[in-house]
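A.B. asks: Sequence:
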Amino acid sequence: MPQLSLRPLPGYKPFPGPLVTVIMDGVGLGKRDESDGVFLAYKPTIDSLIKEGFFAKLKAHGKAVGLPSDEDMGNSEVGHNALGCGRVLAQGAQLVNDAVASGHIFSGKAWAEIAARARAGGTVHFIGLLSDGNVHSNVAHLYAMLDRCAEGGMKKVRVHPLLDGRDVGEKSALDYVLPLEKKLAELCASGRDYRAASGGGRMVTTMDRYGANWAVVEKGWQAHVLGIGRQFASVSEAVKTYYAEDPKITDQYLDSFVIAQNGKPVGTIQDGDAVVFFNYRGDRAIEISRAFEEEGFKEFDRRRVPRAFYAGLMQYDGEARIPKNFLVEPPAIDKVLGEYLCAAGVPSFAVSETQKFGHVTYFWNGNNSGYIDEALEQYLEIPSDNIRFDLKPWMKAAEITDAVVAAVQEGRRKFIRLNFPNGDMVAHTGVPAAVRVAVECVDLGLSRIVSAVEKAKGVLMVTADHGNADCMWTEKNGKRSPHVAHTLNPVPFIVKNYSGAEQWMLSDLQAPGLSNVAASICNLLGYEAPEGYDPSLVTLR
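Letter by letter, the sequence shown follows residues 949 to 1489 of this note's numbering.
Among the hints, erroneous ones may be present.
Said to hold, decoys possible - Here are the in silico distance ranges between beta carbons for each label pair:
no. : residue 1 : residue 2 : range
1   : G1139     : D1046     : 30 to 36 Å
2   : D1095     : A1280     : 26 to 32 Å
3   : G1220     : A1038     : 33 to 39 Å
4   : P1127     : M1453     : 50 to 56 Å
5   : E1479     : P1127     : 45 to 51 Å
6   : D1282     : K1188     : 45 to 51 Å
7   : N1334     : D1018     : 32 to 38 Å
8   : S1395     : R1489     : 24 to 30 Å
9   : D1046     : L1457     : 25 to 31 Å
10  : R1252     : S1055     : 30 to 36 Å
11  : D1018     : G1244     : 43 to 49 Å
These are calculated hints, taken from the structure and not from any lab test.
Where is the CB? At the ideal position from N, CA and C, for every residue including glycine.
All chains should be modelled from the sequences, with the hints used to inform the complete structure.
C.D. replies: Next comes the structure, spelled out in structure tokens:
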């Protein structure tokens, strides 16, 4: 690692307390109407801070966070990358798009091994989120790989689709499943055998994260690898059956399923096969990758571990090398804010509950696990509950707040960052009453943090990583449909100075975004922003 350093900011006046940065996950600035859960919520603290004037709107989607176009919604991973590294970097979707367009995705060692397995008689399996939400995956990437398999003479392919209903419409599964089934049928020519094999809703099958609920991964392993699960003749039959049995169920909660013929699964994973996990985002891909690769794996009983070649679309954790094989190089993020602050000797504290703990640590630190300098940093993970978020929309906001207030009062940490997951995780359920409660719980926690920072004579920064709770439903032809995906709305940026030294004002930036926050943190802590960082949102008077 190159030697990093920060220069003191001329004219800066130190303040006694800490700088506390609050990330209100999923709390965007919407249309301020009855569809806007942030607007409808009782949130006197947030409203008061916005009215006081040290306030700006930040772009948190599209090209402002490194995604291919401004039609692409932001997400927590790219948002925290931008917040923590101070620059806009090409992110997963764009990197994969470029690799597919150039053909580079098919030129590396991983694809060569997949082709070799196919030539030797193995089946090529694709597991991933069947969606064009452009958050975890894009179905276009799957189709490109299926076409390449056919062009390359691969005889047997199986697809294990995970159903979204979260980054796209909550009951839109058939919009993706039916075209997939049609495409697979068209590819079954010249002796090829291309079929769907298993799947399930993303919140109950395969796509757990941060070790929150390994039973989700186990259910996916049983369906994809072992062929254990409720049997159907096709994916579309599974979806239609689950819809009929429970009209209120949404795609993300559909149970796992196995496609079978004459009672026998059509696509279990066997020795000699190749497996591609075609999500590019890392958080919900790491656990299933560990299940395929990790020696001495103990999270659940895998029963049978096939000697298959496993590759991710990307490497989901560069430091831990998960997975070992991958098709597209992940974004290389260096010189992150945490490295500079540690080099400057700034003691810090980061906290969230399990659902977003990795965002204020791993993603904030440029997709790197662990501490940068354990002598200066403290990371605290508060275990999340295994319960649907609409049933407990307060989540762990109180416990996160307790930890932050204690850290402020202790006085040892100069920089404190936290993530309140409520606005995002609850808004994904599409339950309006729960969304409003979630935002109100964040506001209540924020009010306690305000009091603590004020007593300590510190500085408070409040922002968000993307929108979600700011749009609970959309309306078309007089019919309302729940909106459970992220939004394209801007997010707030607020600074409240309780130090008594009125030395700051907003910079005059055009179309600022999340990447401007890191330089702002440097300035508020008394340092010039590092070379190459996007400009600060604050300036000395």
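A.B. asks: Now look at each hint and say whether the structure bears it out.
C.D. replies: Hints, one by one, checked against the model:
Take G1139 and D1046: their Cβ atoms lie about 33 Å apart, and the range 30 to 36 Å holds. Look at D1095 against A1280: about 29 Å separates their beta carbons, and that is inside 26 to 32 Å. With their beta carbons about 36 Å apart, G1220 and A1038 fall inside the hinted range of 33 to 39 Å. Between P1127 and M1453 the Cβ separation comes to about 53 Å, which falls inside the hinted range of 50 to 56 Å.
Under the hint 45 to 51 Å, the C-beta atoms of E1479 and P1127, about 47 Å apart, fit the expected range. A beta carbon spacing of about 49 Å between D1282 and K1188 agrees with the range 45 to 51 Å that was offered as a hint. The hint said 32 to 38 Å for the Cβ distance between N1334 and D1018, and at roughly 36 Å that hint holds. For the hinted restraint 24 to 30 Å between S1395 and R1489, the CB-CB distance of approximately 28 Å keeps it satisfied.
Judged by the Cβ atoms, the range 25 to 31 Å given for D1046 and L1457 holds: they are separated by roughly 28 Å. Hint check: R1252 to S1055, Cβ distance near 33 Å, so the stated range 30 to 36 Å holds. Against the hinted window of 43 to 49 Å, the Cβ-Cβ separation of D1018 and G1244 comes to about 45 Å, which satisfies the hint.
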